[in-house]
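Novice: Residue-level listing of the chains:
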Amino acid sequence: MKNISLFIVIVLIISNLHFSCTKVEDIVDFPIKDPKLTLNCYFHPDSVWAFSVSRSLSVIDNANLSMVTDATIKLYENNNLLATLTSAAADQRYYFYGSKPKPGNEYKIEISHPKYKSISAVETVPQAINFNVEKFKIVDSSTYYDYWLQKSVGTLKASVNIRLSDPKGEKNYYRLICYYYDSIYGGVINQVWLESENISVEKKYPNGLLFSDKYFDGNSYEMNFKFEDYSFFSGKTYYFVLESMNAARFNYEKSIYLYWDSEGNPFSEPVQVYNNIDNGYGIFAAYNSKLLKYYVK
Amino acid sequence: MKYKSGIISRKILSKEFIFILLLSTLLCQPLLSQKYTISGYITDNESGEKLIGANIFEKYKLQGTTSNAYGFYSLTLPADTYTLVFSYLGYSTELRSITLKSNLTLNIGMKPGIELSEVEIVGEQTDRIEESSQMSIVKIPVAQIKSIPAMFGEVDVLKALQLLPGIQSGMEGSSGLYVRGGGPDQNLILLDGTPVYNASHLFGFFSVFNADAIKNVELIKGGFPARYGGRLSSVIDISMKEGDQRKYHVQGSLGLIASKITVEGPIVKDRTSFIISARRTYLDIIAQPIIRLATSGDQRITAGYYFYDFNAKINHRLTDKDHLYLSVYQGDDKFYLNSKPRSYLFDGVLYTEQFKANLGWGNITTALRWNHQFNHKLFSNTTLTYSRYQFKVGNEEQYFSQVGSKVEEESYIIRYFSGINDIAGKIDFDYLPSPNHYIKFGISHIYHSFHPGVSAFKINITNVVNIDSTIGAKNVYAHESAIYIEDDVKLTANLKANLGLHYSAFYVNNKLYHRPQPRLSVRYLFADNWSFKASYVHMQQYIHLLTNTTIGLPTDLWVPATGKILPQNSQQFAAGVASTLREKYSFSVEGYYKTMNNLIEYRDGATWLNTSADWQDKVEMGKGWSYGMEVFAEKKSGKTTGWIGYTLSWTMRQFDNINFGEPYPYKYDRRHDISVVVAHKFNKQFDIGVTWVYGTGNALTLPVMRAMAQTDYYYPGYYSEIEYFEKKNDFRMAAYHRLDFSANWNFHVGSADATLNLSVYNCYSRRNPFFYYFGYDNYGHRVLYRVSLFPVIPALSINFKF
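Protein chains in written order, with the numbering used here: chain E, 1 to 297; chain U, 1001 to 1802.
Read the hints as simulated data drawn from the structure, not as lab findings.
Hints should not be assumed to be uniformly reliable.
[Stated by the list, open to error] Chain E residues, not near chain U, derived (Cβ > 12 Å throughout):
1. 99
2. 115
3. 122
4. 150
5. 220
[To be verified] With a straight-line cut-off of 20 Å between C-alpha atoms, the simulated SDA-like cross-links for lysine to any residue are:
6. 33/E / 1657/U
7. 214/E / 1622/U
8. 297/E / 42/E
9. 108/E / 33/E
10. 1035/U / 1375/U
11. 36/E / 1710/U
12. 1356/U / 1375/U
13. 1618/U / 157/E
14. 214/E / 1723/U
15. 36/E / 1785/U
16. 33/E / 1658/U
17. 171/E / 266/E
18. 1564/U / 1489/U
19. 157/E / 136/E
20. 157/E / 212/E
21. 214/E / 225/E
22. 171/E / 1710/U
23. 135/E / 36/E
24. 102/E / 135/E
25. 1564/U / 42/E
26. 214/E / 1511/U
27. 36/E / 1332/U
28. 33/E / 1622/U
29. 1377/U / 1489/U
30. 214/E / 1332/U
Just so you know, even glycine gets a beta-carbon here, dropped at the ideal spot from N, CA and C.
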């Protein structure tokens, strides 16, 4: 509200000034770029291969973005053709069930379509990194008895330390999230708010802690963060997930959240969303993960 | 015998003669090699104003010097008889014959403006561009600035500088200066030795400098002498007039949007003088009736904008060797929007609401200076300065509800504040031991106070909530010191050099930065009137300006180097040739290469509005480089004067986390920049001025494509549409070009001189781009719009002087 008010003030004032200035608007010839294929695909050793292919449009093209359901997708594993997909399923995505991504393997995707230039991307599945919760110190917990749920519910704030062993000699990127299943609402996954002042953590991302091994390459590293759950109840199980990923997904995650955070604000710097697709747009990114259950009494 | 005696006598005579000759020579030797110094002040004979950079040389031996920033000169020569020549552009040359047998004080009052045939200004072309050891330096006489056509008739010092090669304006109408690929924070703008942090009114459409109060403008864009430091790209040294020491004058102008008045004169004749100058716009007064018509009754609002400048200076001669100067400047810009309280009755309750909004920024500068002449060779200037820049924006909303005598209030007050204050002291010495050396040395210290963006909130709802809080960056305090020495030395008849060392240090939050910065420029004369020049400088800057690339606003923040954000530094190489042709024309071609490190820019997605985040977390550090060639041809005297300037340049930036680490063109990377400035005097009554400028369009970041992006991989079927900006600054705005014209009719009204000025800005109404945005046309198609601000703008103003 505060920022919006300031913004309104300034807009009003500037508008007042320009009211007295002659202003001319001309439509400018803007180069229209040909549509390109867009691929969205995250893959994980436990996931089924799923590809979403759509077409991009020029920023001044009013047509709707649409899925491309008749592209030809070729998937390679360590340069060996793994699958050829030619039509999408009912949900407009392409699936391959023949095998799952394997850690350490390189996967290349090539997508072609008669109307668009072919696109491609390459990614290697990172290894999962072990970690453990070294400390879970409750800082604040305030609960009340919910008669409908027939249990104590409330807020839980904790200071948590995890330790992980970072592989040496390679650039590693991570995301730490924590979630729980909301059994009251049919098992919906809800995420817990995590925040950290740690120097290696990229801040301001709502979904977990994004960080790299820039400051602890090859070392065992202990990281502290704040943990806040506003739907706590006694006897809840939390799932800590440490995802390991490559630079592509790390840069994409950072940029896409920045983009949404600043969208519509004329005083924000433009945000370039990361893209690792040759001749196209989107993201083709591998990740791995380790899961740790943590029960809070 | 006699014969023998004669022979003997001749022998004795020869030896004696030789001995006497030798003895005489030995005795006379001290007399022959004894040197004495002539020193004094060069002033305007009518007003007593000191003349800066006047030339003094011996007519036959051609040894000479120039007057310093306070009109002082010193020339040491062997004992002999000389003819000294004193010259200054726009003044008649003075000759003095002297017999130098002891140190001599010789003050010269120079008569302004010879006019041959009553129209042609002739100045001795002794300020020859090829003579100086310094390169990349330009001095524009204020009279020439006043002859350049101006927007709304408002003569502008910084806009005149933008017409020089290597110096670019930012965007349409802006007074910002971008020098050899540097940013707007990299210019040290000095007003009587005091830094001015924001030299712009009305978002940069005008500068804060009132040309009627200015005596001298000098710009250095490379080859910086060691006495300057603290900024990477340029030094703009502006000196105020001191005030006429002999007669009172009043001059002023009445224009379409602003008027100004200057009063100067002696307090004690030939000892103490003053000058006071003021300027104010009246856009707010003009707009009031229009706004009143547009908003009436309960909806009535008052709104407006104005800016003002106030300059004042007192100049006092304590003794023949001591002068005191006190100068002050204050200027502000203010927007305001106030609503009339609006009341209405509903359901037995009387409701009243009112709102106010304001936005303002401004500078205060103060300088107290003491000149002291120790002896004929040593001169000092001691300066104490205070500079303050601040920016404020505020919004107040108040709602009252009244039942009977019971009143409840709901009010929301938001205020944002940022600024910078400096308190500084420095001592500079000029030491001229001989005609071959001009040594300057000195020391300075600045105490900075930074206020990098604070928001204050007050929310008061009767009996419900009362919040009064402040968020934002804490004030930061820093010390900046510097020491320097330089020598302008004549090595041989053809080779001259300016060698110097500037050493500075910066202490902030227990962090110390320091660096020696070598400075070198050389000049080699070949042929009669050609010289080759080269320079190398290393510059260090301890403060940064955070500037939003989307729209230029006075919200730009001055911030210090910190433990996390390093000082910026640069190295610049330049080389070129310069010549004076046919005594009237000067010509130069210069090439330069400049690298800059530790530049800062807002990160992707960052905004100055978010004061809850530390500014250091909103920026990236990176580097930049710029190279190019500048051609400058000028005619300084005659009925027709002016110049042509052309710059061909490339300017790039590279930040690891911007544009995915790839180099990209700087926003103000301008491949070609051309300016043509011509002034012609037909006769004493009528003269005209024409300027034409051309520049390649600025670089801009625009989205090119729309595509689907996965919203969250936990919910794979959900996508959002996003816009892709493929590369930063890969779109070019349309080229900028503009023709301006002005005409002056000079006449007398009683004892007063008056000038009617007609100026036409943008004569062929070129629709120069101001900004671009995506919108929809009348058919609902998405299109890219280009907004242009100023079409042809004629203006009339009347200037008077008596």
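Novice: Determine for every hint whether it applies to the structure shown.
Specialist: Hints versus structure:
Distance check for residue 99/E against chain U: the nearest CB is about 19 Å away, which clears 12 Å, and the non-interface claim stands. Residue placement check: residue 115/E keeps its beta carbon more than 12 Å from all beta carbons of chain U (closest about 16 Å). In this structure residue 122/E is separated from chain U by more than 12 Å, as the shortest Cβ-Cβ distance comes to about 17 Å. Once the 12 Å rule is applied to beta carbons, residue 150/E is consistent with being away from chain U; the minimum gap is 30 Å.
A cut-off of 12 Å between C-beta atoms confirms that residue 220/E is not in contact with chain U; the least separation is 27 Å. Distance hint between residue 33/E and residue 1657/U is unfulfilled; the C-alpha atoms sit about 26 Å from each other, more than 20 Å. Taken as a hint, the residue 214/E and residue 1622/U pair is honoured in the structure, with Cα atoms around 18 Å apart against an allowance of 20 Å. The straight-line distance between the Cα atoms of residue 297/E and residue 42/E is roughly 35 Å, outside the 20 Å bound, and the hint therefore fails.
A threshold of 20 Å between alpha carbons decides the hint, and for residue 108/E with residue 33/E the separation of about 26 Å lies outside it, so the pair is violated. With a C-alpha separation of about 15 Å, the suggested pairing of residue 1035/U with residue 1375/U holds against the 20 Å cut-off. With a C-alpha separation of about 17 Å, the suggested pairing of residue 36/E with residue 1710/U holds against the 20 Å cut-off. Between residue 1356/U and residue 1375/U the CA atoms are separated by roughly 61 Å; this puts the pair beyond 20 Å, and the hint is violated.
A C-alpha spacing of about 28 Å is found between residue 1618/U and residue 157/E, which places the hinted pair above 20 Å, so the restraint is violated. At roughly 30 Å between alpha-carbon atoms, residue 214/E and residue 1723/U are farther apart than 20 Å, so this suggested pair is violated. For the hint linking residue 36/E to residue 1785/U, the alpha-carbon distance of about 25 Å lies beyond 20 Å, and the restraint is violated. Between residue 33/E and residue 1658/U the alpha-carbon distance is near 23 Å, which puts this suggested pair outside the 20 Å criterion.
Restraint check for residue 171/E and residue 266/E: the C-alpha separation of about 35 Å exceeds 20 Å, so the hint is violated. For the hint linking residue 1564/U to residue 1489/U, the alpha-carbon distance of about 41 Å lies beyond 20 Å, and the restraint is violated. Using a Cα cut-off of 20 Å, the hinted pair residue 157/E and residue 136/E holds, with the two alpha carbons roughly 10 Å apart. With a CA separation close to 25 Å, the supplied pair residue 157/E and residue 212/E exceeds the 20 Å bound.
The hinted pair formed by residue 214/E and residue 225/E meets the criterion: a straight-line CA distance of about 18 Å does not exceed 20 Å. Between residue 171/E and residue 1710/U the CA atoms are separated by roughly 25 Å; this puts the pair beyond 20 Å, and the hint is violated. For the hint pairing residue 135/E with residue 36/E, the CA-to-CA distance comes to about 49 Å; that exceeds 20 Å, so the pair is violated. Under the criterion of a C-alpha separation no larger than 20 Å, the hint pairing residue 102/E with residue 135/E is inconsistent with the structure, at around 32 Å.
Proximity of residue 1564/U to residue 42/E is assessed by CA-CA distance (about 35 Å); at most 20 Å being required, the pair is judged violated. For the hint linking residue 214/E to residue 1511/U, the alpha-carbon distance of about 24 Å lies beyond 20 Å, and the restraint is violated. A distance of roughly 52 Å separates the Cα atoms of residue 36/E and residue 1332/U; the hinted pair therefore is violated under the 20 Å criterion. Of the supplied pair hints, the one linking residue 33/E and residue 1622/U is violated, its CA atoms being roughly 31 Å apart against a limit of 20 Å.
For the suggested pair residue 1377/U and residue 1489/U, the alpha carbons sit about 15 Å apart, so the restraint of at most 20 Å is met. Pair hint residue 214/E plus residue 1332/U does not hold up; C-alpha atoms about 47 Å apart against a cutoff of 20 Å.
Violated hints for the displayed structure, listed by number in ascending order: 6, 8, 9, 12, 13, 14, 15, 16, 17, 18, 20, 22, 23, 24, 25, 26, 27, 28 and 30.
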